[in-house]
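S.K.: Take a look at the letters that make up each chain.
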Amino acid sequence: MLSPERLALPDYEYLAQRHVLTYMEDAVCQLLENKEDINQYGIARFFTEYFNSVCQGTHVLFREFSFIQATPHNRASFLRAFWRCFRTVGKNGDLLTMKEYHCLLQLLCPDFPLELTQKAARIVLMDDAMDCLMSFSDFLFAFQIQFYYSEFLESVAAIYQDLLSGKNPNTVIVPTSSSGQHRQRPALGEASLLEGVEASLFYQRLENLWDRHKYSCPPPALVKEVLSNVQRLTFYGFLVALSRHHGINQALGALPDKGDLMHDPAMDEELERLLAQVPGLVNSVTANPEASYLSSRTPPRVASPWRPLHHTRKVDAESDGSTEETDESET
Amino acid sequence: MIPGKYRSVSGRAANNVNCGLHLVIQTSSLPEKSKVEFRLNKETSSFPGRLLQHDLERNYSSRQGDHVNLVSSSMSSFPILQRSSEEKILYSDRLTLERQKLTVCPIIDGEEHLRLLNFQHNFITRIQNISNLQRLIFLDLYDNQIEEISGLSTLRSLRVLLLGKNRIRKISNLETLKSLDVLDLHGNQITKIENVNHLCDLRVLNLARNLLGHVDNLKGLDSLAELNLRHNQITFVRDVDNLPCLQRLFLSFNNISSFDSVSCLAESTSLSDISFDGNPIAQESWYKHTVLQNMTQLRQLDMKRVTEEERRMASVVAKKEEEKKRESHKQSLLKEKKRLTINNVARKWDLQQNRVVNTLTSQDGKDSDSPSQDTPQIEGSAVSTFTEETGSVDSGLTVTDTHLVEVDGDTLSLYGSGALESLDRNWSAQTAGMVTTVSFTFIEFDEIVQVLPKLKLKFPNSLHLKFKETNLVMLQQFNALAQLRRVDQLTIDPQGNPVVNFTLWKYYVLFRLSHFSMQKINGTEVTQNDMIMAERLFGILAHVASSELPPYRMISILGDARKKQFRYLLETKGKKPGIISEENNDSRRLTGENTNRATLNYTTREFYNEKLEEIKEKNKFCKMYIEDLVKEATEINMKNEALHKLWPQMFIELVRDAVIEIRNKNSYMKLCLQQITDQK
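One line per chain: the protein sequences are A and B, in this order. The letter at position 3 of the first sequence is residue 3 when you use the numbering used here, and the numbering goes up by one with no holes. The letter at position 190 of the second sequence is residue 190 when you use the numbering used here, and the numbering goes up by one with no holes.
Okay, chain B solo, but in the shape it has when bound (with noise of 0.2 angstroms):
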């Protein structure tokens, strides 16, 4: 029985004398060896070792191997071995013919008991003339020349068979060999395993030192425990989880890049030792830990124990980056989710705005005294379906099919009208402290101008705002904002906003918000210079605004501009009235606004056109009034007109009668006597 400890194969096999052989498969390239004394016979009966290999009659000063003769035959072209008696007896089962610089394999003849035949380091080219050997166990052909394996199928018994640093470029016809226990193929051409699927006994399979590019179809190899695969070219591994005996692979100096290409090794249990090393992934830095990780049965790798230390470390590195690869791909799915969202906004924002537009074309005809044109209702609004809020009210980033509203460190975004709901929310005062900047993407201005004062109470650190698709068309706009508590920045994005196009946007902007001692308009600093341009613009505007307006529009226009913030505070729900005169205070000191600017205001649209349904409801009121008092006067005109025409006859009238009646003094004497006594 052959042991299944094998070391190398020298010549010292025959000093075993204990019976069995010892046999050892090599696992690196021979050294050179340099002696093979190999002296059986003590009693140097030397027969000249006549050999007489037909194709080898050159200068042979070799040693010999057995004592054998080599005859060459007449018959066939194969030499003839021939051995003397007392060497068959002694060594029946075994036949060394190393360097023996044969170029075929002579024919054996009456050696049907051998069971090891070695024939290292020969010029072999075929194995031939083995085929009687039935009995052997053990062939040895390192070293030669044999291009192809076979003239094998009688062998039945081999078990080991050593075919390294040979020329074989395809394993072949090993079907009968089905005991074989060792197969060393190292040091071939090899550039695929195949045929090997019935040597269900193999324990030790040596590729080493060929040409595969893969590994695969080791399926039926149900006993092999070591499998040599050094020094090759290969990029990925398959089929290695089909050994269910497997404890030993090698897979050094080979091209794998990737734990994927190797991943069948994970599914193995039976692994015990693996070497990587000179491979590409060995390079890598998550190596060490993510071959620990993925085959926790490991005791070795690249020829080192395992300790418990780097097993550990292993696992944690591999939790980390597992929470790692699941936080990005949590961020990348929230990102894409609010692409889409912002995506979905915009399209609806350009279909109102589209919208808007033919509705302009279509009034263009009509002649209108009120030009404001009202944005239509979108019909059907887009049935938004509410996804849960990430995480608590706090996390800031709600998605929602029509509007998306985050909070990113210092920065507020809102996409949508919809989101300006979200202003009414529970905001820690952390959160909304931290925020600085808020920008406000596809939404109406006027609906944001509604909601500034809620910003100002709930963001009160939002110094810098930025305004993109908020269809921002006339200068009057930009006094809205005069009523925010303080904006170092501002930044008006072209797109969506015409207003940017004026030349004197900029300017109107710093006249109007001087207040604010602006830092910055859309990235640039606001120089001493454009502070003077703009008041030298505009500066007459509020002059006269503010002055030569009569007082009691004055008192009206600021009134109004508070009647408005009132109502703007005492919509928005759970506020105490005692915080609605604070801030009416607060607003007045702190303001610090030009009071010759406060008269420039912004209505909104819908409170204009509101405005002037009241406007147009006093104004018939009024009319109508007036009428009245126009008939009255008029009527007291005519009559005092007629009067006056008609007095100068009425005088001279009553004068006649009073002239007629006292004409008989005495008559008229007795008749107001008379009346006298009457009335008493």
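So here's chain A without its partners, still in its complex pose (with noise of 0.2 angstroms):
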């Protein structure tokens, strides 16, 4: 606790490090708003759940961009409930476009930008036929190599930019607006025969990110990891690779592998419940008698080294013969 370290750090930069300040001013922004409502059970404990909630990562549900967009925390908390709440979507192999895709990200957030869809939408697509249907796994994971690492991005961008009109390496590269993305790519018949850009020349420009940004980036390791594995590549073909890295997923934290992807068994224990709520149904789905046996205090097994290891799952207040104990005391 008491380490060097963190006292070597002057004070706002230490809090600003941990986004300690973010959160504190949400938690008394959210205190005002519902002040009324508050009062009758304390303060201490709105506190209590508040921070309860960040832990757990759901207090990102149903905020406003802003929030979400604030801290990487947050990001991930994101990533992670739009793939809980929308993993049977997936599941049932419909492919969607990329509007509906967004107004899925909308019904948990109704401010996200259409902007930031339209992005990961091109990563999947390689900016081609915007209009085409993608499926659920590879939307999720463009998604979010664009929504976490958006600013890295532009930056890499820039980079890539000014490698292929051939500019002075040596020039301060500043993370440009978004706008950057958006400008016209010099026809790659006229810049060079091959395609994209030499990959090693490329990972030298990056080099400089990993210093001077205060945005989270990707492991370097890991991005180096990519780039050698290619002689040449393009600025999509760069992002595709970084959305289908196994490293960098498990690096971010918050989805599981690929390959788990719609495995969720805790989750779908709930759906099988709440199917057989639907009024009038015959036979139930069939349900995994195993699931049942599972004790909920298990954390899963699915491979997802969510930091914030304990993992309890809220006792949904309608289910009865629950033998387990929370630590935190429900409503």
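Think of the hints as simulated: they come from the structure by calculation, not from any bench. Predicted, not measured: the structure shown is a model, and the values here were computed from it. Ideal Cβ positions, reconstructed from N, Cα and C, are used throughout, including at glycine. Some hints here could point you the wrong way.
[Claimed, not checked] Dumping the calculated DSSO-like pairs for lysine-lysine here, alpha-carbon to alpha-carbon at most 30 angstroms:
#1 B:330 / B:288
#2 B:304 / A:99
#3 A:35 / B:616
#4 A:35 / B:620
#5 B:623 / B:611
#6 B:468 / B:458
#7 A:35 / B:618
#8 B:348 / A:99
#9 B:335 / B:454
#10 A:35 / B:680
#11 A:91 / B:506
#12 B:611 / A:99
#13 B:330 / B:304
#14 A:91 / B:348
#15 B:170 / B:192
#16 B:645 / B:631
#17 A:99 / B:506
#18 A:258 / B:506
#19 A:99 / B:330
#20 A:99 / B:616
#21 A:35 / B:631
#22 A:99 / B:466
#23 A:35 / B:611
#24 B:325 / B:338
#25 B:348 / B:192
[To be verified] Selected chain B positions facing chain A (Cβ under 10 angstroms, derived; list incomplete):
#26 259
#27 473
#28 474
#29 479
#30 528
#31 542
#32 547
#33 548
#34 549
#35 614
#36 626
#37 647
#38 649
Please dock the two separately framed chains into a single complex, following the hints provided.
M.R.: See the structure below:
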């Protein structure tokens, strides 16, 4: 706790690095908004609930975009929430358009910007035929990269443009606004005979970013791995490679591996119960007999290195016969 | 004087011993005359009729007419007629030459007093040689082969001219016959009525069995009382209202198909007898009463007396027809107005949408955190000229330039956003109760959301909602419908509602509005499988939205929704607080909504932006507050750390000071005692 590193940082910077202030401000803001209701059960209680939800990642549900974007933890929580809520859509096998995915995003965050979704779709579709249908997993992983590392990607885009047009490598690269990515790409036929840029050169440029960037970046080692596999690469090729890299996904820690994307036994169990309640349903859908024996205490065995590890499942008020006791008392 | 009564001309004219002639106009084809026994002279002083017509020297054993002597003259080709002087004296004014096989008119000498001349049933082709008979009043040329009316110019006294059953093609050369009383031209080939306008004494005109296509050019026939036009090809009749004395008009067996073609008859006040049988018009269902209604002066129709009963019926039916026509006219006017209004509203809507698109493209370049775009204000809102509401408030149709409200039995249709205000009107319980379908067109969905509570109140039986051109773009918008009491059917027209293009929209609707147990979406029945699929797709969302939200957020979101409803309700006029609380209890009881979905709400863009503004304000304040706290904390922290650093030194100093003080025990004891005494 009292590590010397910690004390080495000046106060504000320390707080900022951990985004403590963001959460404090937000907590006080929420308090203000709901003061009539919260008065009933006390402020301490409120703060407990608030920070619990921050730990569990449920604090981003139905919040405004500015909050969701504010910290990496928020972003990761949002990604996870999106995955959990709409995994069933993916499991069903439906292919949806970009607009429809955006709609689903909006269900969780009403003012989510369309641009982000569009950029994510561009990654999947390789900037081609924006009306194409996309599968859930493709979109989700691309969206993860785009959303979590948005600022990083903007800088990368700027660097890529510069490389393509052959600018001086020593110029200071300032992350431009999103218009950078909309800049017209020089026709590849003109610039070079081969597509894209040389991988090693590209990586050299990127190295600057890790030092300077305040925002989160993918681990350099993994990026190097991605770039070492190819000679040349295009911008979208790079992004696709990022989105498909298992290591980066795990480093992020929000989503399970691609193979396990559709698995979530805890939620499936929940779903079975809900389906059983659909009025007039005669045969219940095949219930997984083993699932009911699973003690809900055991954390899910999915390879999700979700950092706040105890994933206590909040007992649904309706459930009866559940023997688990959670630490925090419910309502 | 020729009396006004006519009977068929038969050879019996001669039987009439009274002075004056009995003449009758044939009204139908003459039955074959079998007998024309015409013996005037009982003393059968039979002169062998040496009839020698130079072109008829055949066997001729027919009867003879009068005892006449037709002597062929050597000078001209015409036979010359001579009568015995006895006969001349007896029948000085009439001469009958029926069935004499005459092919030409003979020269009639010395008969200048002749008043009746009968040439029936001959083969005469031209009217000739009678110019000298200037006293002639009655000329009968029925059943001959005359092709042209001619040779009559000197017969100024002629009153009756019978030219039926000939081959006449044109009415002409009657200019001098100003005293003509009866003109019979039936059974000819006449195609046009002409050259009769000077016959101001004419009382009977028979043009039956000709080739007339229409009737007009009857001006000048100021005495005409009977006009026979049977068996022609007449399609329309004109000019009859110029006949001041016309009483009988026979149009049987022609080609008249509508009353309009004989509309002039309605203007004629003198007509009392008319016939239309054998025309297409007589087959129509409305024939009788239309005729009777338009010609109230009629006494006989188709040779049958018109009874009072018939007249009454006719007027009743006619009135009903009039009503119907007026109604349908009004309806079509109304429909037209509606159509125009709808077009107007549609145009405005398109403009509005286009303008939104324009601002979108201009904003695309900018980076925006809050992507919600406000629909731009319509510049110069259309000046709507308010038309009077048709009928009472309840009549259900309001048409202005900018919007349209229509209640049609069980459907309430609203076009244009201005129409939403109509929900504030006082609708009668009956009208409102009957409405089961509400249809919105050309209205922004966000605006509709705001009036949904009103809709719930005023039209409690509305079970079917239809949306067309309402800009439904997000699945989230369907959340707003959850506040209604119950919806059985939902129709979202693809036109103007992009949300329909999504694969999952129906399932989302079923999921979010599961408590309504909807029967149909866009016309297709909702099956059990659909419900299951909907639950399967979105069930987890509901679970997350309810159980994983921190409790304070649950309360705040739900509270928000209720607060909003309150606001909408409070904004409606004339709301008593008591009712509001009732409403609330009601909604809590009746909604039976799955509470796990209750947090899925929809805030219209405006309100959301408002909220974001508020949040920004609060954020700013919180930020400042926290900053202050942080400052305090860091200051304290700093002081704390500084103290930590300095404390060892300070402590040593303190100890040293103390030790130095008590180094000399004695002096220290004295000092302390002194201090104590000083204190007292």
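S.K.: Next step is simple, just say for each hint if it's right about the structure.
M.R.: Structure-based check of each hint:
no., hint, in the structure
1, B:330 / B:288, "holds (27 angstroms)"
2, B:304 / A:99, "violated (81 angstroms)"
3, A:35 / B:616, "holds (17 angstroms)"
4, A:35 / B:620, "holds (17 angstroms)"
5, B:623 / B:611, "holds (18 angstroms)"
6, B:468 / B:458, "holds (22 angstroms)"
7, A:35 / B:618, "holds (13 angstroms)"
8, B:348 / A:99, "holds (27 angstroms)"
9, B:335 / B:454, "holds (28 angstroms)"
10, A:35 / B:680, "violated (58 angstroms)"
11, A:91 / B:506, "holds (18 angstroms)"
12, B:611 / A:99, "holds (25 angstroms)"
13, B:330 / B:304, "violated (39 angstroms)"
14, A:91 / B:348, "violated (44 angstroms)"
15, B:170 / B:192, "holds (7 angstroms)"
16, B:645 / B:631, "holds (20 angstroms)"
17, A:99 / B:506, "holds (16 angstroms)"
18, A:258 / B:506, "holds (29 angstroms)"
19, A:99 / B:330, "violated (48 angstroms)"
20, A:99 / B:616, "holds (28 angstroms)"
21, A:35 / B:631, "holds (25 angstroms)"
22, A:99 / B:466, "holds (23 angstroms)"
23, A:35 / B:611, "holds (16 angstroms)"
24, B:325 / B:338, "holds (20 angstroms)"
25, B:348 / B:192, "violated (61 angstroms)"
26, 259, "violated (64 angstroms)"
27, 473, "holds (8 angstroms)"
28, 474, "holds (5 angstroms)"
29, 479, "holds (8 angstroms)"
30, 528, "holds (6 angstroms)"
31, 542, "holds (7 angstroms)"
32, 547, "holds (5 angstroms)"
33, 548, "holds (5 angstroms)"
34, 549, "holds (6 angstroms)"
35, 614, "holds (8 angstroms)"
36, 626, "holds (5 angstroms)"
37, 647, "violated (17 angstroms)"
38, 649, "violated (20 angstroms)"
In this structure, the earlier hints numbered 2, 10, 13, 14, 19, 25, 26, 37 and 38 are contradicted, and the remaining ones agree with it.
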